[in-house]
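Sequences listed follow chains A and B, in order. Heads up, the first sequence is in our numbering, so the first residue is 1 and it goes up one at a time. Heads up, the second sequence is in our numbering, so the first residue is 1001 and it goes up one at a time.
Don't read these hints as lab results, they were simulated from the structure. The reader is advised that the hints may include incorrect statements.
[Claimed, not checked] Which residues of chain A face chain B? A few of them, derived with a C-beta cut under 7 Å, are: (1) 31; (2) 53; (3) 54; (4) 55; (5) 104; (6) 116.
[As the list claims (entries may be wrong)] The following residues of chain A were derived to be distant from chain B, with all beta-carbon distances above 12 Å: (7) 6; (8) 371; (9) 415; (10) 491.
Keep in mind that this is a model prediction, so the values were computed, not measured. Every residue gets a Cβ at the ideal spot worked out from N, C-alpha and C, and that includes glycine.
Residues per chain, in single letters:
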Amino acid sequence: MQVTRDFSHYVRDAGPGLQHIDLAVEGVHCAGCMAKIERGLSAIPDVTLARVNLTERRVALEWKEGTLDPARFIDRLAELGYKAYPFETASAEASEVEQSRFLLRCLGVAAFASMNVMMLSIPVWSGNVTDMLPEQRDFFHWLSALITLPAAAYAGQPFFRSAWSALSNKGVNMDVPISIGVILALGMSVVETINHAEHAYFDAAIMLLTFLLVGRYLDQSMRRRTRAVAGNLAALKAETAAKFVGPDEISQVPVAAIHPGDIVLLRPGERCAVDGTVIEGRSEIDQSLITGETLYVTAEQGTPVYAGSMNVSGTLRVRVAAASEATLLAEITRLLDNALAARSRYMRLADRASRLYAPVVHATALLTILGWVLAGASWHDAIVTGVAVLIITCPCALGLAIPTVQTVASGAMFKSGVLLNAGDAIERLAEADHVIFDKTGTLTLPDLEVVNAADIPADVFKLAGQLALSSHHPVAAAVAQAAGARSPIVGAVEEAGQGVRATVDGVEIRLGRPSFCGAEQQARESADLDPEASIVAFSRGTEKFIFAVRQGLRPDAKAVIAALGARKIGLEILSGDREPAVKAAAAALGIAEWRAGVTPADKIARIEELKQRGARVLMVGDGMNDAPSLAAAHVSMSPISAAHLSQSTADMVFLGKPLAPVVAAIDYARKALHLMRQNLWLAIVYNVLAVPIAISGVVTPLIAAAAMSGSSIFVMLNALRARSVARGID
Amino acid sequence: MEVMVILVPLALALGLLGLAGFLWSLKSGQYEDLDGAAWRAIADDDPPQDTPPDLAQAKH
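Okay, chain A solo, but in the shape it has when bound:
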């Protein structure tokens, strides 16, 4: 059979006679890499553009149509020492990019306007105490209005839209008082300017927008960066499938280019990238990523297989099922739907604050107006004072208090390997006081490792590793990897379902089932010691050895569990795996509470039970069977190796082999929540001090501008403290 790689799915036209592809590249981190890649790729004839984006770790390539195969670029990058894979911008990421450009445009306009208005306001402020003519002051006010009104109409859009959508849903968010404050301040300033009055608040209004846009943009760019990284990780997984393009011809195509009804080939040792049904062949498959169960399942004609299953022994032909959701285990789909529907709509801290804040502020302004009228002031003066109250209380600091902390904290989490899926995850994570771990793939690593490597002589281990390279069986692959074997033994023969054999220096060596190597006795002894492990036997002449292979615990799992314990967080394991396996893991980690053989429905029931008792549950899981409980928990996390469904359901995804990001994320989240609350209090204290001044009617635009920028800068500086946390996992 002939295998070709087909990346045409990712290639798009870039003008006449040119084609374009984007590649995600791993390991680009400095100017040297950037220059090396650009030179290396530009050297290929007919390449018209090769440009590295160091921020997003991507390469954009353009070449003359029909001259080059995209696979060539990937091979070239591999020669240069970089792993690359074609990349398709997800629609979510594209809209984040668009949104952040829009915010930056708004910010540019607002910043331009504030600077120019300030240039006009400072002469007015100083002129008011010296000898400025009223005509000159009016002229400056009119100029300010000319700059501010269009600028505010453009740059205020993000706030006005969000406030409008909140109001039309009969809700309040922080943007409602912001929009009301800005619009009233501008309206009043225009009226005052027409009436030749001394004070106008154009500068305060546009400065407010500028500060708030800075906060919005920071927030947005952090989210965009997270998305870009997640997009690269997805691309670098390079999920491909061997699709039949003819009766006997297969092509290795990206998963995105596979459609329902296609037939794909699943060879031993491959992880299935699609959902579908077996139409031909017989094999054992490892479904631990789907169900948590580490024992292999037999797959034959008619068996459904899911993306993430590992094919162990035979070759299978799989017919791809329609839309991935439709083929999920029916039970999981139903539970997930229910859990998502019941997911209590968490009220974000900012929204809770604004729900209290907006009515109080608006009532204060109204009372101020009425109070001044009752005290004998004219309606005009009373309204001016009331609007001044709104301007001074406009939640500039409040609007920055939470986004800035979130930006800084999510940046710090990002550095420690945690990507945020949900914006409010930080707040919810900070409240978590009970952690439920799944075992398979979460506490353990999805890769197999040799447990008894120390008991085997080094030369035997090396030889077995070399022999194992000739087998596709995942257990053999684990032996080969553990031995660090690189060169396979020439003339090794694989006997399907049995093992591999070869003759070295006249001695026959075999690796495979204990019966294949005549090592049943040793295998039984080993199985008694460790009922969990998969056994692979190795024989050299008459010598017999046993390799026990199993999923190992994550390297720092024990330290992480201890660190969580030290933070007075409740710990529990809920696993779909068999009892002995779960018991062993719980004992090794020192977790007292564990349940084995748990179904997805049981997991949800347990979470509900804990909720009833008032616990805030953090669910950490990776299997498809965990997806409903990830949605049901207060907050959830998945490792990057998790099933697609779980990864998209979880609030956060952590990278790499260690489990430490879980603790780091909790620490950062707690610190962040503490700072958010502190910032809210700072904003409230500022208001308590400033509002009486505003009510008494002595606020000038100068005071408003100074108070607003002062409090904003103060709050931003406080937010920077979210970068560091005191404790790690010692």
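Given the coordinates of chain A, assemble chain B onto it according to the supplied hints.
Positioned in the frame of chain A, the structure of chain B alone reads:
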């Protein structure tokens, strides 16, 4: 005070020029790779092997 007739429009025009420059730079994608741009500024224009040997020595 007649000077203001010139100075004020001049100031505004300069400000608008800056804004137009910013919007142009945004549109032409100059904010898309801030990390890379920082390095490109100090990168050599030509690959070192293209430099004639005598010139390379003359620099030292």
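Status of the hints after comparison with the structure:
no., hint, in the structure
1, 31, "3 Å, holds"
2, 53, "4 Å, holds"
3, 54, "3 Å, holds"
4, 55, "4 Å, holds"
5, 104, "6 Å, holds"
6, 116, "5 Å, holds"
7, 6, "29 Å, holds"
8, 371, "40 Å, holds"
9, 415, "14 Å, holds"
10, 491, "45 Å, holds"
No hint from the list above goes unmet by this structure.
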